[in-house]
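S.K.: So you can see what is in the structure, the chains are spelled out below.
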Amino acid sequence: MLLPQAKRSSRPPGGRSSSPQGAPPTFFMTPVAYQFIKRLLILFATLLLVSGVIFLVLQVIPGDPAQIILGIQATPENLQALRHKLGLDLPLPVQYWNWMSGALRGDLGVSITYDVPISELILSRLAVTIPLALLSIFFAVVFSIPLGIYAALHRNRPGDYGVMVFAQIGLAVPAFWAGILLILFFAVYLQWFSAGGFKSWMESPLGALKSLLLPALSLGLIRAAVLARLTRSCMLEALGEDFVRTARAKGLAERVVVYKHALRNALIPVVTIVGLQMGELLAGAIVIENVFNLPGLGRLVFLAIGQRDLPVVQGVSLLIAFFIVLVNFAVDVIYGVVDPRIRAGSEEI
Amino acid sequence: MEIQAKRGKWMGLFLLFSCLVMGGFFTSEANAQKPVPGGTLTISLAAEPSGLDPTTNPSAAIKRVVHYNLLEGLLKVDRNGRVVPALAKSYSVSKDGKEHTFVLHSGIKFHDGNPCTAEEVKFTFERLLDPKTAAPYRMYYEAIESIQAVDPTTVKFKMKKVDSNFLFNMARGDAVIVSQQSADRLKSAPVGTGPFKFVEWKRGDSVIMAKNPDYYVKGLPYLEKVTFKFIPDPSAQLAALRAGDIEVIAYDLAPENVPALERDARFKVLKGNTTTDAILAMNHSKKPFNDPKVRQAITLAIDRKAVIQGAVGGYGTPIGSHMDPTNPYYVDLSGLYPYNPQKAKQLLTEAGYPDGFEAILKLPEPYAYARRSGEIIADQLSKVGIKLTLEVIQMGQWVDRVFKNADYDLTVMGHAEPFDIEIYSRPNYYFRYNNPKFLELIKKAEGEMNEQARKKIYEQAQRMLADDFVNVYLFIYPALPAMKKEVMNWWKDYPTIVVDAGEVYIQK
Chain A
12 MLLPQAKRSS RPPGGRSSSP QGAPPTFFMT PVAYQFIKRL LILFATLLLV SGVIFLVLQV
72 IPGDPAQIIL GIQATPENLQ ALRHKLGLDL PLPVQYWNWM SGALRGDLGV SITYDVPISE
132 LILSRLAVTI PLALLSIFFA VVFSIPLGIY AALHRNRPGD YGVMVFAQIG LAVPAFWAGI
192 LLILFFAVYL QWFSAGGFKS WMESPLGALK SLLLPALSLG LIRAAVLARL TRSCMLEALG
252 EDFVRTARAK GLAERVVVYK HALRNALIPV VTIVGLQMGE LLAGAIVIEN VFNLPGLGRL
312 VFLAIGQRDL PVVQGVSLLI AFFIVLVNFA VDVIYGVVDP RIRAGSEEI
Chain B
4 MEIQAKRGKW MGLFLLFSCL VMGGFFTSEA NAQKPVPGGT LTISLAAEPS GLDPTTNPSA
64 AIKRVVHYNL LEGLLKVDRN GRVVPALAKS YSVSKDGKEH TFVLHSGIKF HDGNPCTAEE
124 VKFTFERLLD PKTAAPYRMY YEAIESIQAV DPTTVKFKMK KVDSNFLFNM ARGDAVIVSQ
184 QSADRLKSAP VGTGPFKFVE WKRGDSVIMA KNPDYYVKGL PYLEKVTFKF IPDPSAQLAA
244 LRAGDIEVIA YDLAPENVPA LERDARFKVL KGNTTTDAIL AMNHSKKPFN DPKVRQAITL
304 AIDRKAVIQG AVGGYGTPIG SHMDPTNPYY VDLSGLYPYN PQKAKQLLTE AGYPDGFEAI
364 LKLPEPYAYA RRSGEIIADQ LSKVGIKLTL EVIQMGQWVD RVFKNADYDL TVMGHAEPFD
424 IEIYSRPNYY FRYNNPKFLE LIKKAEGEMN EQARKKIYEQ AQRMLADDFV NVYLFIYPAL
484 PAMKKEVMNW WKDYPTIVVD AGEVYIQK
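So the protein sequences, as listed, match chains A and B. Residues in the first sequence are numbered consecutively from 12, following the working numbering. Residues in the second sequence are numbered consecutively from 4, following the working numbering.
No lab work stands behind these hints: they were computed from the structure. Since we're looking at a predicted model, the values are computed, not measured. Treat the hints with care, since some could be wrong.
Okay, the calculated bits of chain A under chain B, using three or more residues with CB under 8 Å as the criterion [claimed, not checked]:
hint: 1; region: 129-140
hint: 2; region: 168-180
hint: 3; region: 267-274
hint: 4; region: 300-314
For every residue, glycine included, the Cβ atom is placed at its ideal position computed from N, Cα and C.
Next up, chain A with everything else stripped away, as it sits in the complex (with noise of 0.2 Å):
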């Protein structure tokens, strides 16, 4: 399998993997005491520089806020007060320094264009994108692994078939373009949903999940099919493994061979890939975000890119590596539940 070490790769350095040759300085802590010490510092620094590279990126791109926000009649002298409002006729480290002091406050600042907190902005969005991603995961989830062990062990008949084909399709077919037949089949024809939009879950916490079914099957959709074509080929390899037959030798229950030996072995690798499509969603939901007409981050950031709200644009991106960050090393806790090995592995240090 290629994609775990991809995974592996992607690790920030120094991270467990190097941890049973290097001796850590175990007198004055425990050494998961100081395996997390470590990661929160990797943590930190991770976010430092992606911080840096953010603010840098977005001073480069071409369109200044002030010309886009007056618009392009706007007179020199506005713009110069303009500038001085926002605070852009700074010098560059001021102003990263003025971020990053109130980012570690929890002051992202204020939304140039909605003229509220950009916290306050960020926290009603993710209400409706961790949601979202969440259900998506479920759908993946839920369809994906019965489909992909159903085809591992009916390989090569017609069930096997049928679900390979629906994973190409699920590969071929956009989130976007699967969210559109969504709508006009749910919502304009059989007019079951709404074709867009989202009630608060505030207002009516069932209208609020009802209006992210839809979004969430096209995205959970292709993200199915990515995961039952792994889940099958996994289950395959392991099912060839000796192990397996060494279950079946001794006279185990077929249930239970599938299902306890071959299943968890073959899970770690497709773990692995729904926590990098966790992180991925975020930038998924930025199209069908807009598709159906949601109010959640990734169209906030869109937006904000659009209109050049630098603020929000840096907060939200900043929260997103955040999230990345945080998730990988859930991933990595995951692991050790699905595969004791890993866990015991862990544990020696």
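Once you have looked at the hints, place chain B on chain A.
M.R.: Just chain B now, kept in the frame of chain A:
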């Protein structure tokens, strides 16, 4: 397209016929025309406004939500393009044109209950002229010397010089009357005098407003609640209308979606004009575009009809100069220099380019009509030997390179500002058109108080732009509002940048 047009004709005949028959059954036609109060309306707009203050940010998206609905000026431009009274019930100009007097309706109240009097008018314009406010269109009001609140309902503007555009400028969204108590909250919670009160701005989703029961025009508005919902994607807009999430697409149904919606008996599409002049701009500071012969050749080599068909589904109005048909001074020059590729070739030869030349056409990425127009124009110009390279660029880049630094050969752009012909009097504007005679004309028009004489001057100005082949004037971007059949009194044409729900009603 032919077949569809024919079918459209038959449909038209059929509808006409059925209307006549129905008319016989329902003799009380007048009853059906009578506005009915009540109901709510959800209207979609593509762009979410950046803040809700039209006085400090020139964005059209802001005016479309707040102007007329929440905030009003002394005057307004009505749906026929005429300047008519709004908060002022009457107005007059002194003989020398240097003093304007406005008389307000009595008993006007802001949504927060404070009265709106001459004092607020004075405050509004003093705020607008204060450099600290950084009003983007302060120049429209710079001819004001002083403002005097004579009594609670009378206000006098003393002018530094005669400015015949003053009344039109008073009707712009920049000149809405605001109160001292709430001016600094305009951006997030505007308080005005309009037929609707601001309720909530759900950022990223919608702006909600409710009927103002104390509105000074008795009987208005009809609607109880209006929601502006922001749906940027054209197909998402269409789906939302069909699924019943929204009742109206304010003015910008995508042209390619018109036929589909027209076949659906539940909806209607109005086809009108906006103030957006789509032009092929030419850089006069660059060779060979400094040669009028070359510019004429380009003009003659472009078939506007084909451009309109391909870029906006055939719905735009062809133009021959920089003015839109909703403007009272408009004169139709679209037939002045018709499509003539042979003559174009001959002119190129006379100008010293018998084999044509190569140039770059820069197209702004956000505007589909501009990109499509560019593709068609490139094809048409290639037939007379002019080879264009298309470059699609981001808006930020367009502003920076094309607009500010005139670093371009050709570009396609829609000029949305109403009545903006004066841009041609600025030699450093991005066309780099430098004609002192034109500047003279504009100055003369601004100082001319006689309406007939003014019209003549503006006609002359339009002709001068056409005869100088300053740019290629392609078409007026169509207004395509689409809505449920029951929605009545919606605007067809958009002579100013506004989406007015104040007189709209829902037929029961």
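S.K.: Take the hints in turn and mark each one as holding or not.
M.R.: Hints, verified against the model:
no.	hint	verdict
1	129-140	holds (count 3)
2	168-180	violated (count 0)
3	267-274	violated (count 0)
4	300-314	holds (count 9)
In the structure shown, a violation is registered for the earlier hints numbered 2 and 3, in ascending order.
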